[in-house]
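Participant: Produce the complete structure using the sequences and hints provided.
Under this note's numbering, the first residue of the sequence shown is numbered 24, with each subsequent residue one higher.
In short, the hints are calculated from the structure, not lab data.
Ideal Cβ positions, reconstructed from N, Cα and C, are used throughout, including at glycine.
Keep in mind that a hint or two might mislead.
To be verified - Just the calculated beta-carbon pair ranges, DEER-fashion:
| id | residue 1 | residue 2 | range |
| --- | --- | --- | --- |
| 1 | Glu244 | Ser494 | 16 to 22 Å |
| 2 | Asp332 | Asp162 | 23 to 29 Å |
| 3 | Ile232 | Lys41 | 43 to 49 Å |
| 4 | Pro340 | Pro241 | 50 to 56 Å |
| 5 | Glu372 | Asp352 | 27 to 33 Å |
| 6 | Ile329 | Asp271 | 49 to 55 Å |
| 7 | Leu490 | Glu113 | 57 to 63 Å |
What the hints assert, rightly or not - Derived PhoX-like pairs: lysine-lysine, alpha-carbon spacing no greater than 20 Å straight-line:
| id | residue 1 | residue 2 |
| --- | --- | --- |
| 8 | Lys95 | Lys178 |
| 9 | Lys410 | Lys429 |
| 10 | Lys210 | Lys65 |
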Amino acid sequence: MSKRKKTNKQPQQLSPEKYIRQKARTLPVLECWVNEDWNQTKIANITVARKHSNGNISSASYLVDLYCLGVKDTGFQFNISPLDYEEFLEEMHSVYEFIKIDYKLAHNIIFAGYEFALNIDINPHAEFSKTTMYFLEEDNDNVDLIDIECGQNGKPVVIKNSDNFKEASILFNRLSESLGSDQIILKDESSPFDGDHEWDDDSDEKDDILYDLIYDDPETEREIDINNLKRLLNKEYNDNEEEESGKDLAIITDRLFYNYFGIDQVEDARDRIFGMFDMDIMATFPEQLIGFDQDNSPEQLEKLLICIDEIEEAEDPEVIKQKIKEFPDIPYFKYILIKELEFSATTKEEVKELLTQIQSYRKEHPDYRLLEVLEDKVIMMNEGESKLIKPLLETEQEDILYALYKERDALHPIEFFEIINAIAEYYISQQDFLNLDALLYALYADFPDSEDLYHHLSIKNIFMKTLLCSSVYMDKE
Numbered sequence: 024m025s026k027r028k029k030t031n032k033q034p035q036q037l038s039p040e041k042y043i044r045q046k047a048r049t050l051p052v053l054e055c056w057v058n059e060d061w062n063q064t065k066i067a068n069i070t071v072a073r074k075h076s077n078g079n080i081s082s083a084s085y086l087v088d089l090y091c092l093g094v095k096d097t098g099f100q101f102n103i104s105p106l107d108y109e110e111f112l113e114e115m116h117s118v119y120e121f122i123k124i125d126y127k128l129a130h131n132i133i134f135a136g137y138e139f140a141l142n143i144d145i146n147p148h149a150e151f152s153k154t155t156m157y158f159l160e161e162d163n164d165n166v167d168l169i170d171i172e173c174g175q176n177g178k179p180v181v182i183k184n185s186d187n188f189k190e191a192s193i194l195f196n197r198l199s200e201s202l203g204s205d206q207i208i209l210k211d212e213s214s215p216f217d218g219d220h221e222w223d224d225d226s227d228e229k230d231d232i233l234y235d236l237i238y239d240d241p242e243t244e245r246e247i248d249i250n251n252l253k254r255l256l257n258k259e260y261n262d263n264e265e266e267e268s269g270k271d272l273a274i275i276t277d278r279l280f281y282n283y284f285g286i287d288q289v290e291d292a293r294d295r296i297f298g299m300f301d302m303d304i305m306a307t308f309p310e311q312l313i314g315f316d317q318d319n320s321p322e323q324l325e326k327l328l329i330c331i332d333e334i335e336e337a338e339d340p341e342v343i344k345q346k347i348k349e350f351p352d353i354p355y356f357k358y359i360l361i362k363e364l365e366f367s368a369t370t371k372e373e374v375k376e377l378l379t380q381i382q383s384y385r386k387e388h389p390d391y392r393l394l395e396v397l398e399d400k401v402i403m404m405n406e407g408e409s410k411l412i413k414p415l416l417e418t419e420q421e422d423i424l425y426a427l428y429k430e431r432d433a434l435h436p437i438e439f440f441e442i443i444n445a446i447a448e449y450y451i452s453q454q455d456f457l458n459l460d461a462l463l464y465a466l467y468a469d470f471p472d473s474e475d476l477y478h479h480l481s482i483k484n485i486f487m488k489t490l491l492c493s494s495v496y497m498d499k500e
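Facilitator: Structure (structure tokens):
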């Protein structure tokens, strides 16, 4: 009989986020801070610190707008040394004058702003629901209630200035539609010396790289590029030149492509694309992405976030299917499963099966936008039609993200890039070479560190530009 081998398997440590969600409330409160003028400015910058048994400290910070927006920002520092915590306080005090307050007041300020904002359909910063809310005690009768004034005379107040002119205008219009304009107080603090409010300060800046690609002597330079394009596409080069051929092809194609359309058309397309995506992108999970209303059950939300962690760690479709069985009302798990299946759907039959599965989930969750966008994209890939993205683009919707997510102020990258993929597929289906290239330009400009998320689109863009140049300059002969 063989002997069992001894293992030295170590217990898996909780991540900081998991620890906070599961254990932070068991740590004693060390101290709480708030900016001294919070009650005058109605902006509270609160820090709550808790002490670990090893002497280290974890703290969470909350930026609370008592006028209207609730918990605007939040973050935490986990298990840091007392010395690091003191340095954090010194840096904090160098910006504002802070005073110590008891936990009861800190708790009431945070939850007063949070609930006031929720009542007018403004959600807290995603990190609050995901993590830092669990750093606070549960908001129940165990914490004495203190009356904290929010808004002004019970009405939400929107502050508009030269720095947030567009965002404040959009917020005021949205609240006016839902509550009535007489129920909103607008305070315009814009400087009269600011002139017209330009939302895109870089709109008049010229792209030096683009201008470098424009011909000085069009006839001569175009002829050279066409001959080089023929040589590269016909692979008329030595083996030792093969490594550089891809770079040369990209440069030559770009020159032919941009000179074919002209600099004015290229810049107009880029400006139009930039104007379509004027919404903040946040890296934390909003509850709308999960498809769950946190007000119904904060405890249930905590379970769902733990499930998401488990799915990310397992990287196994069977784990996703199990979560769907456990939580059949949560559309996000079904979306994740569809994305897993999408990678393996290569034949027309497999794509049709994928579409059938998406449409089945859509019947269960008709208002879940991610599945709707995904369905539209797969239909475009399979049938070349679009019921969602096409109408928005054809009506030249100023901001497509706000059109799709009217109730949102920010999106998660998953939501954003799913829309980007759908728009790209529409441009591909229409052979809209110019707008596809402008879309990729915008992605590179705004998300240079996320290239792996749209690398497949970059390849398609290069292919389509090469296809256009080949058909225009080579098929004529």
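Participant: With reference to the structure, classify each hint as holding or not holding.
Facilitator: Each hint, compared with the structure:
1. In this structure, Glu244 and Ser494 meet the distance hint of 16 to 22 Å, their C-beta atoms being roughly 20 Å apart.
2. For Asp332 paired with Asp162, a C-beta distance near 24 Å keeps the hint of 23 to 29 Å intact.
3. At about 45 Å, the CB distance of Ile232 to Lys41 agrees with the hint of 43 to 49 Å.
4. For the pair Pro340 and Pro241, the beta carbons lie near 54 Å from each other, so the given range of 50 to 56 Å is met.
5. Separation of Glu372 from Asp352 is about 30 Å and conforms to the stated range, judged on CB atoms against 27 to 33 Å.
6. For the pair Ile329 and Asp271, the beta carbons lie near 51 Å from each other, so the given range of 49 to 55 Å is met.
7. Checked against the hint of 57 to 63 Å, the C-beta distance between Leu490 and Glu113 comes to roughly 60 Å, which is consistent with it.
8. In summary, the hint linking Lys95 to Lys178 is supported, as the alpha carbons are separated by about 18 Å, within the 20 Å threshold.
9. With a C-alpha separation of about 18 Å, the suggested pairing of Lys410 with Lys429 holds against the 20 Å cut-off.
10. In summary, the hint linking Lys210 to Lys65 is supported, as the alpha carbons are separated by about 13 Å, within the 20 Å threshold.
The structure is consistent with each of the numbered hints, conforming to all of them.
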